[in-house]
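Protein chains in written order, with the working numbering: chain A, 1 to 104; chain B, 1 to 104; chain C, 1 to 104; chain D, 1 to 104.
Don't read these hints as lab results, they were simulated from the structure. Mixed in with the good hints, there may be bad ones.
[To be verified] Pairs of lysine-lysine, DSS-like flavour, derived with a Cα cap of 27 Å:
hint: 1; chain 1: A; residue 1: 65; chain 2: B; residue 2: 96
hint: 2; chain 1: B; residue 1: 24; chain 2: D; residue 2: 24
hint: 3; chain 1: D; residue 1: 24; chain 2: C; residue 2: 24
hint: 4; chain 1: A; residue 1: 65; chain 2: D; residue 2: 24
hint: 5; chain 1: B; residue 1: 65; chain 2: A; residue 2: 96
hint: 6; chain 1: D; residue 1: 96; chain 2: C; residue 2: 24
[Stated by the list, open to error] Covered stretches of chain D (chain C as the covering partner; in silico rule of three or more C-beta atoms under 8 Å from a C-beta of chain C):
hint: 7; stretch: 26 to 40
hint: 8; stretch: 60 to 71
hint: 9; stretch: 81 to 90
Glycine is no exception: its CB is placed at the ideal position from the N, C-alpha and C atoms.
There are 4 protein chains.
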Amino acid sequence: MERNIIQELTREIREFADARDWQKFHTPKNLAMAIAGEAGELAAEFQWLTPEESMENSLSRDQRKAIELEIADVQIYLLRLADVLNVDIPEVVREKIQINNDRF
Amino acid sequence: MERNIIQELTREIREFADARDWQKFHTPKNLAMAIAGEAGELAAEFQWLTPEESMENSLSRDQRKAIELEIADVQIYLLRLADVLNVDIPEVVREKIQINNDRF
Amino acid sequence: MERNIIQELTREIREFADARDWQKFHTPKNLAMAIAGEAGELAAEFQWLTPEESMENSLSRDQRKAIELEIADVQIYLLRLADVLNVDIPEVVREKIQINNDRF
Amino acid sequence: MERNIIQELTREIREFADARDWQKFHTPKNLAMAIAGEAGELAAEFQWLTPEESMENSLSRDQRKAIELEIADVQIYLLRLADVLNVDIPEVVREKIQINNDRF
Numbered sequence: 001m002e003r004n005i006i007q008e009l010t011r012e013i014r015e016f017a018d019a020r021d022w023q024k025f026h027t028p029k030n031l032a033m034a035i036a037g038e039a040g041e042l043a044a045e046f047q048w049l050t051p052e053e054s055m056e057n058s059l060s061r062d063q064r065k066a067i068e069l070e071i072a073d074v075q076i077y078l079l080r081l082a083d084v085l086n087v088d089i090p091e092v093v094r095e096k097i098q099i100n101n102d103r104f
Numbered sequence: 001m002e003r004n005i006i007q008e009l010t011r012e013i014r015e016f017a018d019a020r021d022w023q024k025f026h027t028p029k030n031l032a033m034a035i036a037g038e039a040g041e042l043a044a045e046f047q048w049l050t051p052e053e054s055m056e057n058s059l060s061r062d063q064r065k066a067i068e069l070e071i072a073d074v075q076i077y078l079l080r081l082a083d084v085l086n087v088d089i090p091e092v093v094r095e096k097i098q099i100n101n102d103r104f
Numbered sequence: 001m002e003r004n005i006i007q008e009l010t011r012e013i014r015e016f017a018d019a020r021d022w023q024k025f026h027t028p029k030n031l032a033m034a035i036a037g038e039a040g041e042l043a044a045e046f047q048w049l050t051p052e053e054s055m056e057n058s059l060s061r062d063q064r065k066a067i068e069l070e071i072a073d074v075q076i077y078l079l080r081l082a083d084v085l086n087v088d089i090p091e092v093v094r095e096k097i098q099i100n101n102d103r104f
Numbered sequence: 001m002e003r004n005i006i007q008e009l010t011r012e013i014r015e016f017a018d019a020r021d022w023q024k025f026h027t028p029k030n031l032a033m034a035i036a037g038e039a040g041e042l043a044a045e046f047q048w049l050t051p052e053e054s055m056e057n058s059l060s061r062d063q064r065k066a067i068e069l070e071i072a073d074v075q076i077y078l079l080r081l082a083d084v085l086n087v088d089i090p091e092v093v094r095e096k097i098q099i100n101n102d103r104f
C-alpha cells in the first residue's frame, strides 16, 4: 500500500523520535503541552504586527522563515500526537468540517 | 496533476471559508491567534490527567472524541494559515526535521 | 503583618483548592498547562476582531464580560502556580522589568 | 490614596511602555496574543518534565529562574491588558472564584 504524505511525514517524525529514544517523553499530555508551546511561539511572531503587516507580501524574508519554522514545529508535534493516539487526521478534519458545515 | 491529501484538505477548508466570505477574517495574524486558541483547548483536555491517564488506552470514549476534535481544530487553522501564506507544509516539516537532526 | 492584595488573592485561591482537595492536581506542570489553556481562551475572544474592534469602547457588554472572566482565569492559575512554587510575583515582575529596561 | 501592589505594578509597566511609545502596539488584541505567546513559553519550560520533576524541590536553579521570568512575562502582559481595558483584577478574580464556588 502506498502511504499518503501525512502518513509519510508521521513515519519520518516517529523514526526521528525512536532513534533518540524519546518515546518516553512523548506521552499525549506532554505532546499537547508542546503543541501549546509551539503555537505560542507562532503567535509571538505576529503579536505586534497589524493584520496588514502579517500578510504574505508584507513579511520580510526573515519573518517568513521564522513563521515557516514555527508552522513546522506545530505540525510536527500535532502529527506526533495523532500518531501516539492513533488518530486519523484526514478523518477527524473532515468530521470537524462537517460539524462546522452543519453549524454555520 | 493529482493532489496529495494535504492539498486536498487545504482546498476543502478554503472552499468552506470562501463560501462564508470569511477570507477577510483569515489574515495570518488572526489565524495564528486561532491556532493558539485551539492549542489551548487541546491542552485543556489533558491538563488534570497524569501522563499515564493521557495514554490512548486510558482515555474514555468521550475524552478521545473531544481530543480528536481539538486536534482537528488545530490542524484546520494550521492548514488555513499555510494556505494564505503559501507555505508548503511537507517542505517546511522536512526542513525542520533536518535542522533538528543536525542539532540533536 | 498586613498582607498585600496579591497575597490575599493567593490565599483565597489556595483555600478554594484545599477545600476541594485539589492540591494533588495542582502540580506546577499541570498549572502551567492550565495557564496555556486559559490564555488560549482569552486569545480566542479576540481572534476575529480587528485591533480597533478590540478596544475598550468598541466591545459589547457581553464581549467585555467574557474577556474579564478569561483574564480572571489566567490570573487565578498564575497566582496558584506562583503559590505552589513559592514565587514572589512582585519581585519577579520587577526583576523582568529591569531586564527589559536594560535591553530596550 | 495609597495604591495597592497590583496598581503599583500596573503603573510601573505603563510607564515602561509609555517611555518607549509602545501604546500603539498595546491594543487589547495584541496583548491577548502576547499573553498566549508567553503562556506557551511558560508551558514549554515544563513540557518534558514529569509532574514530580516539576515540583519546587526538583527544579534546578536554572529551571527555576527560567520559570520565574516566564511567570513574570505572563503577569506583565496580563496587567497591561487589564490596564488598557480598565479591568479591576481583584474584582474579576473574586467574581470568578464566586462563580467556581457556586459550580463546584
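Here is how each hint holds up against the structure:
1. With a C-alpha separation of about 11 Å, the suggested pair residue 65/A and residue 96/B falls inside the 27 Å cut-off, and the hint holds.
2. For the hint linking residue 24/B to residue 24/D, the alpha-carbon distance of about 23 Å falls within 27 Å, and the restraint holds.
3. For the given pair, residue 24/D sits about 43 Å from residue 24/C by alpha-carbon distance, which is inconsistent with the 27 Å threshold.
4. Straight-line distance between C-alpha atoms of residue 65/A and residue 24/D comes to about 26 Å, which keeps the hinted pair within the 27 Å bound.
5. Under the criterion of a C-alpha separation no larger than 27 Å, the hint pairing residue 65/B with residue 96/A is consistent with the structure, at around 11 Å.
6. At most 27 Å may separate the alpha-carbon atoms for a hinted pair to count; residue 96/D and residue 24/C meet this at roughly 22 Å.
7. Proximity of the stretch 26 to 40 of chain D to chain C, defined as three or more residues with a beta carbon under 8 Å from a beta carbon of that chain, is established by the 11 residues found.
8. With 5 residues having a Cβ less than 8 Å from any Cβ of chain C, the stretch 60 to 71 of chain D passes the three-residue criterion, so the hint holds.
9. Check result for the stretch 81 to 90 of chain D against chain C: holds, 8 residues qualifying (beta carbon to beta carbon below 8 Å, three or more required).
In terms of the numbered hints stated before, the structure departs from hint 3 and from no other.
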